[in-house]
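**Student:** Listed in order, the protein sequences are those of chains G and V. Position 213 (the first sequence) corresponds to 213 in the numbering used here; numbering is contiguous. Position 54 (the second sequence) corresponds to 1003 in the numbering used here; numbering is contiguous.
Don't read these hints as lab results, they were simulated from the structure. Even glycine gets a Cβ: it sits at the ideal position worked out from N, Cα and C. Be aware that one or more of the hints could be misleading.
What the hints assert, rightly or not - Listed next, the in silico BS3-like pairs over lysine-lysine satisfying Cα-Cα at most 25 Å (straight line):
1) K687(G) - K836(G)
2) K259(G) - K160(G)
3) K632(G) - K836(G)
4) K131(G) - K979(V)
5) K979(V) - K632(G)
6) K160(G) - K979(V)
7) K839(G) - K979(V)
Claimed, not checked - Computed from the model, here is a short list of chain V residues facing chain G with C-beta under 10 Å:
8) N962
9) Y968
10) S997
11) W999
What the hints assert, rightly or not - Beyond 12 Å from chain G on every Cβ pair, some chain V residues (computed):
12) S967
13) P976
14) D977
15) R1011
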Amino acid sequence: MSHRLPAPLGEVIDRSSAISFTWNGKKLQGFEGDTIASALLANGEHILGRSMKYHRSRGVLTADFWDPNTTVQVDDEPNVCASHRRLADGMAVSAQNVWPSLKFDVKAANGLVGRFLTAGFYYKTFMKPAKLWPAYEHVLAKFAPGGSVDLDTPHGRYDKRYAHPDVVVAGGGPSGMAAALAAAEAGSSVVLVEHEHQLGGHLLWGSDDDRAAANELAAACAAAGVEILTNSTVAGRYEDNWISISQRSHPGVIERLIKARAKTLVVAAGTIERPYVFQGNDLPGVMTSGAVQRLIRMYGVKPGTRAVVFTANESGDSAVEALQSAGISIARVVDARSGEGITSASGSKSRVKRVTLSDGTTVECDLLVTAVGWTTPTSLLNMAGDRPGDDADAARFFPAGPPDNVLATGGMVGDGSRDELIAHGRSTGKLAAGRAAVVRHRLQAATARAAAVDGPEPDYPADERAPLERARHPELYRSTTHGIVDYSEDVSSKDLFSAAGEGFDSVELIKRFTTATMGPSQGKLETVNTVAVLAEARNESIAEVGTTVWRPPYAPISLGALAGRINEPTRVSVLQPWHEANGATPILAGQWVRPEHYGDPAAEVRNTRTNVGIIDVTPLGKLDLQGPDVPKLLNLLYTNKWTALPIGGVRYGLMCAEDGVVLDDGVTARLGEEHYLMTTTSSGAAKIWNWIEMWLQTEHPDWQVHVTPVTTGLTSINIAGPNSRELLGRLTADIDLDPAAFPYMNVRRGTIAGVQNCITWRIGFTGELSYEIHVPSGHAVHVWEQLLEQGADLGVEAFGLEAQRIMRLEKGHFIVGQDTDGLSKAPVTGLNPLLKLDKDDWAGMPEVAWTMESGDHPVIVACQPDNGSVVPEEAAQILRSGTTEIVGRVTSSRMSPTLNRSICLAQVTKEFAAPGTSLEVLLVSGERITATVQEHHAHFDPEGARLRG
Amino acid sequence: MLLVPCPYCGPMNAADLSYNGESHRRPDPKTCTPEEWRSYLYLRENPSGWLLENWYCSSGCRRHFKIERHTLTGELRAPVLPGRKPGATQGDMK
């Protein structure tokens, strides 16, 4: 660490704790508290990467969170800001955008043919001819910036949190800390967010007194109960102070996204030092005045040996002091306040060597420090609707007037001594707390279930803060030469001039055409220089040009944090442990984990058709409907009629949306005088509950119907097969299963295997004689096991979802959402007798009526491939013979174990729907096969003799 | 994210409710013309200003209600239960 300065310089590093890391494979050492960049500089490594377009050497520019020049790869993580990321033991750090090596970069040739890469070069160069795009893409991909992503990287752990603080303070400098402290002292719950690793802001690289004041304030904040989030950024501000915070300092997770509903937001983002635009301004060794102060005072690193300082303000003067304290020789101080200036810097590829001043003299140096002014990072205020304006006398933007629940303080609103900044922060924090108390009171009063509100509503405090003065500052944006404006996107002032010359006169268009301000720092360093250069090119003022709108995120946020932890809850029936213990292969159907099969679905079909099978159909949506107006509701939602359904009866119904498209189907049973049980499709359970509530609450609030979802309260078991009556009979004494007493499409209630109040209905999705029993879930495992035990000699076996799907296809029953889609109006199903147009009203009736009237719709048909060994893929197209005209598609297809041949359901246009029609089916392989339309939807037992038996 | 005042639950994150769009009258299905019905299905006023909208408190009390929202400013008025008339301005909660 040959470039390390002696203590007391290096306030934040711990020299007793050395850290080993590698840089492009070379073993180096740093200290605890170092950033990657400070450790590299301490080792004399001052080229940290190459720029993205021209592959120019780049070194530290700002030495903080916003440094655009120090993007590196750390282990398997690309695009890490080396000037911000703390060094950790064993880190493998490497440079990005370099090929084959950092020191010899083939692509640096880009710099020589720069004309090729001028503004908008993507648009101009790679547009035509379109057929060459694959070749362009190949070349561009090689030149694309960014690190390398390891596709085998294990999943990182990210998290989310919801918070409801009174006050969020964005920025932990003197004003932000003072605001947080004052708000906490006034009784607010406060979250203080700082993007650096410690609180303090610019006091951290200031005088001894500054650092002492920072430490004192930070300690007071902690003592007052302020929640301090360092290495975190407020990423966005949305309606009603919904604040997103990206927290990179939470133990155990890489990054955490906090969603906070703040009652007041205090923006104390400070100011960001602006780079100066001149020829050679991106050479390694050219730095901002803040950078050298941070490197020297915080990290004890020597940024160079012989410096030229170009200063227009106190920060530049302070940099001179810092350099002197580090024993670095000052070759020249160029003071803008007395009319001096610099025009260019030159050197080798690796380092600045000399600076040319405005008077033409040249000065030798290896460090050029610029202090030309400040950018106000007003992003969060922009997001709150504020449109900041330029103050030419102060050479920076100021907020115009954010909404009442957003307050700005500190460098964002003016200048002052440390004490003045702290005083403004304190009065802002007090105001924020006062306003938050009013909002808290109103929210509490508006929430019926909350505790009673204490006392009367407090007065809404007016803003009576004494404003901070705005210091005058010369306007310094660009010298007389051209240089880089956007370091991360490699956009020069020349590019901006030429774009303006091409007619891109709006700053928003310039931004998109040149990509200036679109890099990782989101314009923090670049926006004002971009605007200033454009103003110069157009001979207008900065105020006339205006700025681009700053949008979220404030700073880069990882996609992992936005995604959070994987949180997709699944549902299971109470029988799932039995299924798993008995070899079920699970399948995720919607939210439900279900048994797909227990080994051999074809065997399960054959056993059910020959003996008896049982299947867990709990996911079937079940809604308990009670009240005198249930028949009216059923008449409104189903297409058929319900008023005549007797107690003990079960009826099938089809539901449509208001556009006539099939929404859901199922059976509903009448259990008592005013008591019904409705079933929906498994995937439709939640949707239909909502659908019913919507109709009851909005169109018919006078109807008396009570809806209770009982999907998981009742475990549903279907017993299907010729032996099902015998099996069920062994388990119940009080349900008369005689076909005359309990016919098809009827419901009975009784005791099964000792469990009272089981609902049993006779229906036949599988086409077999079958009883569906709905058992209170607490007793379901017992009933299931009894069925297996009592039916052992009857050949009972469990079957899974796949066997059920095969059997329903053999029977020709369509599935909503599989055999119908979002365009399938009710007549597509062929269930026209169920579409009762003589009713007064039902959901979707007009559209269904018009569709039937026009007859212009496809229909579902059953078809069988002529070669019974071929199973066409589901969604295979059906074509007009010998053409490419699509006339339909296969919606369901399986090999039938019962018929030993392939069977399908399909949607075809009416022209192809007649029984006996030959269809031409295009397989995925490209082969065309023929299939024949069947007379009935049911491939098997079309008369229904089995299920009615 | 907007804070939407549910008439029962109080202020809720908009994401905890379902937005069911512009409020509109359902034509009489027996007598309406295709134009009227399809206007009900598909056509929306989308004004720049006050708009009566349908909201559903899907993660809370499961009540449907209407609310007037200003599409430019995001300002909300008091929620309206089905069968009642909109009009009153709610207290400023922001």
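**Student:** Tell me if N962(V) is really an interface residue toward chain G, meaning its C-beta lies closer than 10 Å to one of theirs.
**Tutor:** 7 Å, holds
**Student:** Is it the case that S967(V) keeps its Cβ farther than 12 Å from each residue Cβ in chain G?
**Tutor:** For S967(V), whose nearest Cβ neighbour in chain G is about 8 Å away, the distance does not exceed 12 Å, so it is violated.
**Student:** Please work out if K131(G) and K979(V) have their alpha carbons no farther apart than 25 Å.
**Tutor:** 56 Å, violated
**Student:** Decide if the proposed pair is consistent with the structure: K160(G) and K979(V), CA atoms, cutoff 25 Å inclusive.
**Tutor:** Given that 25 Å is the threshold and the Cα spacing comes to 51 Å, the pair is violated.
**Student:** So P976(V) supposedly isn't at the interface. Is its beta-carbon more than 12 Å from every beta-carbon in chain G?
**Tutor:** For P976(V), whose nearest Cβ neighbour in chain G is about 8 Å away, the distance does not exceed 12 Å, so it is violated.
**Student:** What's the verdict on K687(G) and K836(G), does the C-alpha distance respect the 25 Å limit or exceed it?
**Tutor:** Satisfied, since the Cα-Cα distance of roughly 24 Å is no more than 25 Å.
**Student:** For the pair supplied as a hint, K632(G) and K836(G), is the alpha-carbon distance within the 25 Å limit?
**Tutor:** 14 Å, holds
**Student:** Please settle this one: D977(V) was flagged as non-interface, so is its CB more than 12 Å from every CB on chain G?
**Tutor:** 8 Å, violated
**Student:** Taking only the CA atoms, is the gap from K259(G) to K160(G) under or equal to 25 Å?
**Tutor:** Roughly 8 Å separates the two Cα atoms, so the pair holds.
**Student:** Holds or violated: are the alpha carbons of K839(G) and K979(V) at most 25 Å from each other?
**Tutor:** 9 Å, holds
**Student:** Hey, does the S997(V) contact hint survive, CB to chain G under 10 Å?
**Tutor:** 16 Å, violated
**Student:** Over 12 Å to the closest beta carbon of chain G is the bar; see if R1011(V) clears it.
**Tutor:** Contrary to the label, R1011(V) does not stay out of reach of chain G, its closest Cβ about 6 Å off (not over 12 Å).
Comparing the model with each numbered hint stated earlier shows that hints 4, 6, 9, 10, 11, 12, 13, 14 and 15 do not hold.
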